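Residue numbers (the UniProt record's numbering), protein chains in the order written: chain H, 1 to 762; chain D, 1 to 75.
Everything labelled a hint here was simulated from the structure, so no lab data went into it. Given the structure is predicted, the values throughout are model-derived calculations rather than measurements. C-beta atoms are modelled at their ideal positions from N, C-alpha and C, and glycine is treated no differently. Don't take every hint at face value.
[As the list claims (entries may be wrong)] Chain H residues, not near chain D, derived (Cβ > 10 Å throughout):
(1) 36
(2) 95
(3) 129
(4) 222
(5) 294
(6) 296
(7) 301
(8) 597
(9) 742
[To be verified] Below 30 Å or equal to it, Euclidean Cα-Cα: the simulated DSBU-like pairs (lysine-lysine) are:
(10) 27(D) <-> 390(H)
(11) 126(H) <-> 78(H)
(12) 453(H) <-> 390(H)
(13) 387(H) <-> 27(D)
(14) 27(D) <-> 449(H)
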Amino acid sequence: MAPVRDTPFRSADMSMVQLYISNEIGREVVNALGELGLVQFRDLNGDLSAFQRAFTQDIRRLDNAERQLRFFHAQMEKAGIPLRKLDLDVDTLAPPSTSEIDELAERSQSLEQRVSSLNDSYETLKKREVELTEWRWVLREAGGFFDRAHGNVDEIRASTDNDDAPLLQDIEHNNSAAEVERSFSGMNIGFVAGVIARDRVAPFERILWRTLRGNLYMNQAEIPEPLVDPATNEPVFKNVFVIFAHGKEILAKIRKISESMSAEVYNVDENSDLRRDQVHEVNARLNDVQNVLRNTQQTLEAELTQISRSLAAWMVLIGKEKAVYNTLNLFSYDRARRTLIAEAWVPTHDLPLIRSTLQDVNNRAGLSVPSIVSEIRTNKTPPTYLKTNKFTEAFQTIVNAYGTATYQEVNPAIPVIVTFPFLFAVMFGDFGHAVIMLSGALAMIYWEKPLKKVTFELFAMVYYGRYIALVMAAFSVYTGLIYNDVFSKSMTLFDSQWKWKVPPGWEVGQAVTAEPTAPGYTYPFGVDWRWHGADNDLLFMNSYKMKMSIILGWAHMTYSLCFAYINARHFKRPVDIWGNFVPGMIFFQSIFGYLVVCIIYKWTQVWPGQQGPGLLNMLIYMFLQPGTLDKQLYRGQAGVQKFLLFFAVIQVPILLFLKPLYLRWEHNHARAKGYRGLGEQSRVSALDADDEGDNGHAVDGRRHSAVSDDEGVAMIAQDLDDEEHEEFDFSEVMIHQVIHTIGQFPPFVSICHAGKADANSV
Amino acid sequence: MANGWSIFIGLAVIVTMSAAAWFFSPKGENQVLWRSSLILTFVSCYLMWAITLLAQLHPMIEPRRSDIRENYLHH
Chain H
1 MAPVRDTPFR SADMSMVQLY ISNEIGREVV NALGELGLVQ FRDLNGDLSA
51 FQRAFTQDIR RLDNAERQLR FFHAQMEKAG IPLRKLDLDV DTLAPPSTSE
101 IDELAERSQS LEQRVSSLND SYETLKKREV ELTEWRWVLR EAGGFFDRAH
151 GNVDEIRAST DNDDAPLLQD IEHNNSAAEV ERSFSGMNIG FVAGVIARDR
201 VAPFERILWR TLRGNLYMNQ AEIPEPLVDP ATNEPVFKNV FVIFAHGKEI
251 LAKIRKISES MSAEVYNVDE NSDLRRDQVH EVNARLNDVQ NVLRNTQQTL
301 EAELTQISRS LAAWMVLIGK EKAVYNTLNL FSYDRARRTL IAEAWVPTHD
351 LPLIRSTLQD VNNRAGLSVP SIVSEIRTNK TPPTYLKTNK FTEAFQTIVN
401 AYGTATYQEV NPAIPVIVTF PFLFAVMFGD FGHAVIMLSG ALAMIYWEKP
451 LKKVTFELFA MVYYGRYIAL VMAAFSVYTG LIYNDVFSKS MTLFDSQWKW
501 KVPPGWEVGQ AVTAEPTAPG YTYPFGVDWR WHGADNDLLF MNSYKMKMSI
551 ILGWAHMTYS LCFAYINARH FKRPVDIWGN FVPGMIFFQS IFGYLVVCII
601 YKWTQVWPGQ QGPGLLNMLI YMFLQPGTLD KQLYRGQAGV QKFLLFFAVI
651 QVPILLFLKP LYLRWEHNHA RAKGYRGLGE QSRVSALDAD DEGDNGHAVD
701 GRRHSAVSDD EGVAMIAQDL DDEEHEEFDF SEVMIHQVIH TIGQFPPFVS
751 ICHAGKADAN SV
Chain D
1 MANGWSIFIG LAVIVTMSAA AWFFSPKGEN QVLWRSSLIL TFVSCYLMWA
51 ITLLAQLHPM IEPRRSDIRE NYLHH
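Please model the entire structure based on the sequences and the hints provided.
Laid out in structure tokens, this is it:
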């Protein structure tokens, strides 16, 4: 018998397997299985914390290497060096050996040291450069002050002389009368020169003024170009200042204040010759520093360019290696036999592939001890594994965003492939725009490979959904034709069913109404183009679209409800059919199915006087006053409606109570026969006998063996306690069922809403 | 050309198409996908077409226009 293949209709059959792998090849095995991507490992060390696990050391080492790689990346971004992209389609990375990884870790270690030392020296040099530049500015600007001030020392003196102590006048006079050089020191005036950030100038001035009580003369000039702050790498505008003041103490105070305001004070000589020498010296030093700086930067860039060639590959390697060790941490390690034991879920049909992969790894390693794969039986619910291809992938992602089906339930993505794009198209409905969209989607599919590498996020998102866009666009072309809309214009594909009834003596601007061209002729495909642009176009379209929404919604829900039946039959749970599916379906059909039938019936009839019965009122009266009719749709309507309502209402208690009561009966029945669920943690141990002879726990059945220290019991408990096992709880089942029942009502609300809008329009 | 019977002709057409889709879907693990998608597509498109036709079968209102030009009165 040929094996039944897994189809996208249900999630794949899963088996729980136990793998016994020799310790030496654990890493290689996990690597190979990881490339396959078909195995989900279970955590066998749940009781161990992350630090106690066997391979934590390796992971920590890899973390460090990863951090170093990220550091390189950040450095490259800072220096503007592009990362050479890794094209995983073209060059595949061979699984690295342990020594290669070690080598990589060591290499990145040494590279990190080198890069950071280069960085450090670069920063020091940069700081030095800024200082020298500032000093040069101070020399230049302050020099300007001095040159100007020297021209009028006498004036300054005269002004000080006037209000200063006259006793000292002579002495000063004598001292400086025959001054060889007219200097400030002669006037006992000192000065402080430096640089301060421009936004601090005002507070700086104010503080100085207050502390020195105005005994100062401050001069400042703006530096036209911004200086780079080496700490933050941001440009800062600064001012040069020169402060003149009397006396050493005051000068010392000024210096201190300058420091506290984080101004840089530079040494400037008063003598212009000396100052010129200083300028020369500063310039020379600045040149040197800049040279060294350039060299350092070049070396750093060369180093980073070297790294950039292989950084992407390294990152992938380290990432994979880390994932491997994280997986290995899930395994339990048998020290005595030096084997790793793993438990995993695998798709049953892929077991041979996994066996052969393990065999391959074994052969390559030349190990005599084979890796063993043994299937084990379990009562755990397997994980849902849905295979996708490039077409279904995006649809499956949409469905997964809402929830994951239980193991082996019908995959909701199957109908979604059509219903989702179709409902989109019903709303989109423009032939012209749809053609544009279709060509876009087709272009993306035609140039699938080259476009895959586009990393622009917005485009990548559209690209991921290219097949959804394709189906959407194809349906939109169709709905556009039905709505007879191309760029909001109509197409006159067939003869209209209407012609204008021109009254005699018609004038431009007078309203005309249409009449049927031929009795019994209906526009064959889509909406008649005569409606387009008519005054009452909206009136007709609203009524049509609302009714269409109700019918399409009803069809969609009826179809989807059938999956409940398929699921119940697959899991052999007749109670789901009789307690959920059948009453749910009856309830739904006797109200909404009836509404849909009425809508279609109303369409098929000719209503005299152009006045049909309002279907919304009908539905409302059906609930509020069963038996009363606003206007009769067909004979015997009142009786039919009363019956349907009664039929629907009696489904509600069935929906609510049948399944919970059945489950309770089944549970009690099994209990009465002495069975109990595997999940209930009763003692099944042979050591039970010496348990102080109490048999109360047999009835209780919920006694936790976690409190027990008997090993025989613990073994069984260990296997079971990590998954929730439903002990029968009536209230919980009941609540579940109530939620399920309430879930039947939302369509009612939305359909009534649609109906209300419909009633407003016709 | 088109009247109430068109609905049933259309129905016959999509039933035939669905049957063809059922039998001629490519074999393999994606057969269920082909069948489900094709038949759903036919049914959805048919539903929409039929609803549109039914809505115009016995119209209760007729188009009315007051901005029409003389040349187009008899088109």
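Outcome of the hint check:
1. Every CB of chain D lies more than 10 Å from the CB of residue 36(H), the least distance being 18 Å, so the non-interface label holds.
2. The claim that residue 95(H) is not at the interface with chain D holds, since no C-beta of that chain comes within 10 Å of its own (minimum 29 Å).
3. The Cβ of residue 129(H) sits about 67 Å from the closest Cβ of chain D, beyond the 10 Å cut-off, so the non-interface label holds.
4. Every CB of chain D is more than 10 Å from the CB of residue 222(H) (nearest about 70 Å), matching its label as outside the interface.
5. Every CB of chain D is more than 10 Å from the CB of residue 294(H) (nearest about 63 Å), matching its label as outside the interface.
6. Here residue 296(H) stays apart from chain D, with its beta-carbon at least about 61 Å from theirs, past the 10 Å limit.
7. Distance to chain D confirms residue 301(H) as a non-interface residue, since its nearest Cβ pair spans about 53 Å, more than 10 Å.
8. The claim that residue 597(H) is not at the interface with chain D holds, since no C-beta of that chain comes within 10 Å of its own (minimum 12 Å).
9. The Cβ of residue 742(H) lies farther than 10 Å from every Cβ of chain D, with a closest approach of about 28 Å, so its non-interface assignment holds.
10. For the hint pairing residue 27(D) with residue 390(H), the CA-to-CA distance comes to about 18 Å; that is within 30 Å, so the pair holds.
11. Proximity of residue 126(H) to residue 78(H) is assessed by CA-CA distance (about 16 Å); at most 30 Å being required, the pair is judged to hold.
12. Between residue 453(H) and residue 390(H) the alpha-carbon distance is near 16 Å, which keeps this suggested pair within the 30 Å criterion.
13. Taking the CA atoms of residue 387(H) and residue 27(D), the gap is about 17 Å. The hint holds against a cut of 30 Å.
14. The suggested pairing of residue 27(D) with residue 449(H) holds, with an alpha-carbon distance near 27 Å, which does not exceed 30 Å.
In this structure, none of the earlier numbered hints is contradicted; all agree with it.
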